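As you go down the protein sequences, you meet chains G and U in turn. Residue numbering for the first sequence follows this note's numbering, beginning at 190 and increasing consecutively. Residue numbering for the second sequence follows this note's numbering, beginning at 15 and increasing consecutively.
Hints in this document: simulated from the structure, not taken from any laboratory. Be aware that a few hints might be false.
[Claimed, not checked] Cβ pair distances, simulated, as ranges:
1) U:77 to G:214: 23 to 31 Å
2) U:55 to G:217: 26 to 34 Å
3) U:54 to G:295: 42 to 50 Å
4) G:215 to U:57: 52 to 60 Å
5) U:54 to G:401: 48 to 56 Å
[As the list claims (entries may be wrong)] As a list, the in silico DSS-like pairs of lysine-lysine whose alpha-carbon atoms are at most 30 Å apart:
6) G:239 to U:26
7) G:263 to G:239
8) G:416 to G:397
9) G:249 to G:303
10) U:26 to U:106
11) U:113 to G:397
12) G:397 to G:303
13) G:239 to U:100
14) U:113 to G:239
15) U:33 to U:113
16) G:402 to G:256
17) U:33 to U:107
18) G:336 to U:113
19) G:336 to U:98
20) G:263 to G:416
21) G:402 to G:255
22) U:106 to G:239
23) U:107 to G:397
24) U:113 to U:26
25) U:37 to U:107
26) U:37 to U:113
27) G:256 to G:397
28) U:37 to U:26
29) U:106 to U:33
[To be verified] Far from chain U, some chain G residues (derived; all Cβ distances over 10 Å):
30) 400
31) 403
32) 404
Bear in mind the structure is a predicted one, so any value in this text is a computation, not a measurement. Virtual Cβ for every residue (Gly too), placed ideally from N, Cα, C.
Take a look at the letters that make up each chain.
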Amino acid sequence: MMTAIDLNVRVPNLDRLVSFTDMAFELGYSGIATPLVQKSSLQPTGTDVKVFSRHNLSGKTLSSVKKQVSNVRKQSLIVTVPLQSSTIVNWAAGDQRIDLFTLEPSSNSRILRKNAARRAASAGSALEISIAPLLETSGLDRSRIIKVFRETVRIAIAGGMKVVLSSGSNEPIRLRAPSALQHIGLLLGLNDRQARDAVFSTPEQILKQNEAKMSPDILSPGIEIVKRGTKDEDE
Amino acid sequence: MKMNRKRYVLFKLHREGSKVTGKQLSTALWNSMLSLFGEVSTSDSRLFIDEGYDEDTGIGFLQCNAASLNNVLAAAAVIDTVGKTKISFQSKKTSGTIKGLRR
Chain G
190 MMTAIDLNVR VPNLDRLVSF TDMAFELGYS GIATPLVQKS SLQPTGTDVK VFSRHNLSGK
250 TLSSVKKQVS NVRKQSLIVT VPLQSSTIVN WAAGDQRIDL FTLEPSSNSR ILRKNAARRA
310 ASAGSALEIS IAPLLETSGL DRSRIIKVFR ETVRIAIAGG MKVVLSSGSN EPIRLRAPSA
370 LQHIGLLLGL NDRQARDAVF STPEQILKQN EAKMSPDILS PGIEIVKRGT KDEDE
Chain U
15 MKMNRKRYVL FKLHREGSKV TGKQLSTALW NSMLSLFGEV STSDSRLFID EGYDEDTGIG
75 FLQCNAASLN NVLAAAAVID TVGKTKISFQ SKKTSGTIKG LRR
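One chain only, chain G, in its complex shape (with noise of 0.2 Å):
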């Protein structure tokens, strides 16, 4: 059974999360990812949905960012990088510990270029289209948004990225079906195999790759603890 997951829930505050959760179940989501919780996987009581860790990236500067991967990739199964600025977006591109470079409306239909694209998808990284832009305006706003995540969607996929679609909301009757999502993206230019991806099959295949990783018998990459010993074994 096709599970979804909505990757970019803004949940203002814990006492607001179970009424998103109980929207979630309603709307048939599996689970939901919001930068409020730090634990890698929360379940409320009362709901089915299980609730994520994602940590957005932020800085003006290289550095500044480059600073905060290390602690953060240890503590959120989730960490983003906005498409702002071409420097970041660059060094992000060939950075496996990046999952999801976010397309902001008001980004360059231009900010995202073929190689970083190809960069991105070797290391693993897929492009987050968060759709509360599109609720939020109508007419020529609306248009150009939808001209900036059109192209940038054309060029992730023409570079091998993966796509993934959220919700982006910030009140609980913002969040959109799975179904809508997946419509929203055939207008966004993605087929229809695509667009299935990008709700069901990306962000759980994401989830779980990070979930493994953060598993204590992950030492680094290509190295796992099979089996533990006992005292009693070596004796």
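Once you have looked at the hints, place chain U on chain G.
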């Protein structure tokens, strides 16, 4: 083969605020289609919300042209408010017949 194949979509309208009537929802959907896809595409959609829409539960079904189905559902997904009521449109099932929705 039929030139205009219909599709029926069972939906639920989640809302925060006062009830939304079928007419209000229909107008909001048409306006959203117009805004996103223009007059010609909207006119071809043959979009119609059935009278059986329940304002209390938000459950109903709509009918549209099969070729316009994706556009209709995308337009519905980006509707934020109907009047002063914030909404979230969720399509539950799609079928070529009304009977298929009820299964």
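**Q.** Violated hints - listed by number, lowest first
**A.** Failing hints, ascending: 3, 4, 11, 14 and 18.
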